[in-house]
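S.K.: Sequence:
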Amino acid sequence: MSTSYAPPVQRLVTELSKLPGVGSRTAQRLAFHILRASAEDASALAEAITEVKEKIGLCEVCFNLTDEARCRICQDPRRDHELICVVEEPSDVIPMERTHEYHGVYHVLGGALSPIDGVDAEDLKIAELFARVTASEGAAREVVLATNPTTTGEATALHIAEELRSRAPAVKVTRLASGLPVGSDLEYADEVTLGKAFAGRRAV
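Residue numbers (the numbering used here): 5 to 208.
The reader is advised that the hints may include incorrect statements.
Keeping only pairs whose Cα atoms sit at most 30 Å apart, straight-line, the calculated BS3-like set for lysine-lysine is [unchecked claim]:
1) K22 / K129
2) K59 / K22
3) K176 / K200
4) K129 / K200
5) K57 / K129
6) K22 / K57
It is worth saying that the hints were derived from the structure and are not from the lab.
Starting from the given sequences, assemble the full structure and let the hints guide the process.
M.R.: Here it is as structure tokens:
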């Protein structure tokens, strides 16, 4: 980055370039857009970032993002609370909801098993999932494994399926069907492909 920028501008560009998918040139364009914006718009952006960091936490039940103790999905009595869809990240809930094919609740693992990266079962919300499934009250009828169709996602789904078979043999365990491109993330799947994959889920 050019050293001709004033230090505050350099700092803004540096921070913006840390965002995913934002290179140095895009960061510069965003920085100059912010500089051209009104003071009100710039303050609103800064306040929104501060607010989301201060107020957003994890749901005590499913570990989705929420500004309350429980997320809106877990609080909704119209959802099927005996049907749990397991996803890797909170961002994966959004495309699942867009399909309008799913009316159960979720469980967000917070990642996928990856021993090579030092991510083990203890680092994810897997134990909490087992506790939900085997709880005496509101026990699950079916667990849908919707981890990403990647090597780590498949390994995570296999681990959970094997554990559930031994811990809760009466619970049906299913996996999203083919239709999702291997190696991609749920976040980038279109609604039609994801909807078909969900409708055609299979036992594992």
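S.K.: For the pair we were handed, K129 and K200, check the Cα-Cα distance against 30 Å.
M.R.: holds (27 Å)
S.K.: Does K59 pair with K22 here, judged by a C-alpha cut-off of 30 Å?
M.R.: holds (22 Å)
S.K.: Is the hinted pair K22 and K57 satisfied, with a Cα-Cα distance of at most 30 Å?
M.R.: Since the Cα atoms of K22 and K57 sit roughly 17 Å apart, the hinted pair holds (cutoff 30 Å).
S.K.: Against the 30 Å threshold, does the CA-CA distance of K176 and K200 hold or violate the hint?
M.R.: holds (20 Å)
S.K.: Holds or violated: are the alpha carbons of K57 and K129 at most 30 Å from each other?
M.R.: Holds, at about 21 Å.
S.K.: With a cut-off of 30 Å on the C-alpha distance, tell me whether K22 and K129 pass.
M.R.: Within the cut-off at roughly 27 Å; holds.
Hint compliance for this structure: every hint is met.
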